[in-house]
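Asks: So the chains spell out like this:
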Amino acid sequence: MPAILETQDLTTNYRTMRGWVRAAEGVNIRVEKGEALGLAGESGCGKTTVAMSILKILPQGGTIRGGKIIFDGTDLVPLSENEMRKIRWKGIAIVFQGAMNAMNPVLKVGDQIVEAIRTHEPDVSSKESWERSRKLFELVGIDPERVDNYPHEFSGGMRQRALIAMALAANPKFLIGDEPGTALDVIVQAQTLKLMRDLRERLGLSMLVISHDLSILAETCEKIAIMYAGRIVEYGDAESVFKEPLHPYTQGLLKAFPSIKGERTRLTSIPGQPPDLLRPPPACRFNPRCPYVMDICKKVDPHLEKSGKGDHFVACHLYD
Amino acid sequence: MVELVELSEEYLIRVENLKKHFPLKKGFFQTLLSRDELTVKAVDGISFGLRKGEIFGLAGESGSGKTTTGRLLVKLTDPTEGAVYFEGKDITLALRPKLKTLGKVAKGTVCLVAGCGREAKKSISPTDVSRAGIEASVSGEKAYLCTIHFKEVRKKLTARPRLKTVGKVEHGAKCSIVGCTRLAKKSVLPQDISGSGAQTSSSNGYLCNVHFKEVEKNLYGWRNLKDLRRMMQIVFQDPFESLDPRMSIKEIVAEPVRVQKVAKNEAEVEARVKAAMSDVELVPPENFLYRFPHELSGGQRQRVAVARAFVLDPKFVVADEPVSMLDVSIRAEILNLMVDLVQKRGTSIIFITHDLAVAKHICDRIAVMYLGKIMEMSDSANLIDAPLHPYTQALIAAVPSVDPSQRRGDVISGEIPSPVYPPPGCRFNTRCPYAHTRCTTEEPPLLEVEKGHFVACHLYT
Numbered sequence: 103m104p105a106i107l108e109t110q111d112l113t114t115n116y117r118t119m120r121g122w123v124r125a126a127e128g129v130n131i132r133v134e135k136g137e138a139l140g141l142a143g144e145s146g147c148g149k150t151t152v153a154m155s156i157l158k159i160l161p162q163g164g165t166i167r168g169g170k171i172i173f174d175g176t177d178l179v180p181l182s183e184n185e186m187r188k189i190r191w192k193g194i195a196i197v198f199q200g201a202m203n204a205m206n207p208v209l210k211v212g213d214q215i216v217e218a219i220r221t222h223e224p225d226v227s228s229k230e231s232w233e234r235s236r237k238l239f240e241l242v243g244i245d246p247e248r249v250d251n252y253p254h255e256f257s258g259g260m261r262q263r264a265l266i267a268m269a270l271a272a273n274p275k276f277l278i279g280d281e282p283g284t285a286l287d288v289i290v291q292a293q294t295l296k297l298m299r300d301l302r303e304r305l306g307l308s309m310l311v312i313s314h315d316l317s318i319l320a321e322t323c324e325k326i327a328i329m330y331a332g333r334i335v336e337y338g339d340a341e342s343v344f345k346e347p348l349h350p351y352t353q354g355l356l357k358a359f360p361s362i363k364g365e366r367t368r369l370t371s372i373p374g375q376p377p378d379l380l381r382p383p384p385a386c387r388f389n390p391r392c393p394y395v396m397d398i399c400k401k402v403d404p405h406l407e408k409s410g411k412g413d414h415f416v417a418c419h420l421y422d
Numbered sequence: 004m005v006e007l008v009e010l011s012e013e014y015l016i017r018v019e020n021l022k023k024h025f026p027l028k029k030g031f032f033q034t035l036l037s038r039d040e041l042t043v044k045a046v047d048g049i050s051f052g053l054r055k056g057e058i059f060g061l062a063g064e065s066g067s068g069k070t071t072t073g074r075l076l077v078k079l080t081d082p083t084e085g086a087v088y089f090e091g092k093d094i095t096l097a098l099r100p101k102l103k104t105l106g107k108v109a110k111g112t113v114c115l116v117a118g119c120g121r122e123a124k125k126s127i128s129p130t131d132v133s134r135a136g137i138e139a140s141v142s143g144e145k146a147y148l149c150t151i152h153f154k155e156v157r158k159k160l161t162a163r164p165r166l167k168t169v170g171k172v173e174h175g176a177k178c179s180i181v182g183c184t185r186l187a188k189k190s191v192l193p194q195d196i197s198g199s200g201a202q203t204s205s206s207n208g209y210l211c212n213v214h215f216k217e218v219e220k221n222l223y224g225w226r227n228l229k230d231l232r233r234m235m236q237i238v239f240q241d242p243f244e245s246l247d248p249r250m251s252i253k254e255i256v257a258e259p260v261r262v263q264k265v266a267k268n269e270a271e272v273e274a275r276v277k278a279a280m281s282d283v284e285l286v287p288p289e290n291f292l293y294r295f296p297h298e299l300s301g302g303q304r305q306r307v308a309v310a311r312a313f314v315l316d317p318k319f320v321v322a323d324e325p326v327s328m329l330d331v332s333i334r335a336e337i338l339n340l341m342v343d344l345v346q347k348r349g350t351s352i353i354f355i356t357h358d359l360a361v362a363k364h365i366c367d368r369i370a371v372m373y374l375g376k377i378m379e380m381s382d383s384a385n386l387i388d389a390p391l392h393p394y395t396q397a398l399i400a401a402v403p404s405v406d407p408s409q410r411r412g413d414v415i416s417g418e419i420p421s422p423v424y425p426p427p428g429c430r431f432n433t434r435c436p437y438a439h440t441r442c443t444t445e446e447p448p449l450l451e452v453e454k455g456h457f458v459a460c461h462l463y464t
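Those protein sequences? They're chains A and B, same order as listed.
The opening residue of the first sequence carries number 103 in the numbering used here; numbering runs sequentially from there.
The opening residue of the second sequence carries number 4 in the numbering used here; numbering runs sequentially from there.
Hints listed in this document are in silico derivations from the structure and should not be mistaken for laboratory results.
Quick caveat: nothing in here was measured; it's all calculated off a predicted structure.
Just so you know, even glycine gets a beta-carbon here, dropped at the ideal spot from N, CA and C.
You can trust all of the hints, since none of them are fake.
Among the chain B residues that face chain A by a calculated CB cut under 7 Å, a handful are:
| # | residue |
| --- | --- |
| 1 | Asn339 |
| 2 | Ala360 |
| 3 | His364 |
| 4 | Ser404 |
| 5 | Val405 |
| 6 | Pro407 |
| 7 | Arg410 |
| 8 | Val414 |
| 9 | Glu418 |
Let's have the full structure, built from the sequences with the hints guiding it.
Replies: This is the structure in structure tokens:
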């Protein structure tokens, strides 16, 4: 299968007064057509930076310092702002995190969708775009009459649905979901994720889902990439990553997840703090927190290499 | 009314038929068209008890009233009805500043107090009348009283008697309470001390300041909110908003110590702050004392919030979704920390959460709330492994798993209904897969179906 989106050694840094913050370094991800890739990691590990690099909407100070982002055969890194504008929303759309705050509170929800449609497809008439926003509402399971409502009249779950509808406004090929459903209750979250699965099947979308919550990714994605301190440390099929995690960090993340089945036990966690990305630890960045740390971990950088069966890659000296 | 068996003295906190209705603002025309008062029924009649050293989980979706319950328990808001007993004393009653009146009285209404024929001028809640111990033939929502009887009720409910002091204290005399070595500061009647249930070593009636307050509390209830707050604290949900950005970590943790004046000097304040920070594993404390909240990660901030709540060594802490804003990987650390503090100090905790998987591992007992009512209550293992109420079953089915082969199936559809117009009968009937006609007309009571397992559902009656 051809890849619809691929990053090759993507390196994005933020310039600060104290030096470069190495938010993403040498990130290689690959999403095939119709596939969903989950990008997991703690807050501050650079997963949102990767998403913003792909759309080139980095905040001030953020620069792509190396690598390629290949979307549908073209490299996005050298493109100008004007050329990028044609890719955004029609090519790649994003559902931002925080369903509660991602919409403009003084505009009707319908107006915000119409704005997106008409900016990216100027030949569509106003009447037609309102018609389209009603259809989008129906698609995500909201009563189409509610396009005339303001965001505060929506519940959390409905706002999340409306945001998905908005992202789909210009028929994108690729959808990025940044922490979908994390601020929602379990029941509403389950409904939202089910919606995302259904939409993917019906519209043939490819997706990149970003979350710190592995259960959300387990439910929506076939491929999983685990990110730690700006690097991908493990990559593979969801089944094998979740059932046989190789990297000690992935193992820790999975153990930290409380299970509702089984006996009452003490919860486990990964001790220590995520590293300061201004001065990341030398060689393997997980070495200060790793329970299996060896001498080599502090000297040689582990590379993402194929390990085990199928498509399962890990960057750890334990498997050299 | 909910029937709870054995409401004995072993409970640190006891909640009886607690209600909180928030009035809704109406538009001008709506006021003209209808006289009904619209209210959001956030908490609508719940009862439970919290034992000493227990972690009690309150679970439910957003809008179920769990946060309002938590705020009522530490008296951040006052209940519309019902009572919260802390160590057997009603905190809502003792500290109520005013007697609440309930709107105008129509002309010609007669005072309901037996034997009084005067015209009624004020209306108050019937529970207030019975609390004041006045006999009245009340029917309906409001009790109408004449001015004289209204004042009598007000005096009985709001005036708080003080513990009387008599004579002077001999210079250098010790407090007469057994085991207390402090200097006596107040002299009271010996029968007052024995009336409070305290053990004395001599009958001179001398008391130190600490025990004076305690005897007064035991005789007449809580004197003021400040004394109560030393015993009960709260950890808020969002550590990014609950810490003052302009205060250093030391000032944040020291604030309760300073407000309560429990430390003699600055050195003692610092010692207590450092001890509290070591307890939450912000080590070494010196590295954090003079930093500001924006310099800390989310997990560290929540540790500061936990340190602030535990610095006064409270008997009771409300933890309002303390980990829901944090990454999954650091949640466990904060939760383990709280469990350790509970075991070390015997603190009781109300743990508010929407995540039943976390609740199972942390809590001793769990109550599941829906639209301001308790739907099911049991010890945690029993509630999760053998849930009885359809709502609890739905919540458990919606708990996510990290196993990709066990995706969540179909969860119940729809969202929680408006608490302004809760559905009649059982509140869950609009979303319940087993709803039948009885559920839409008759509200199921919370009944004990097995030992210690309460459920409010017609399927089990």
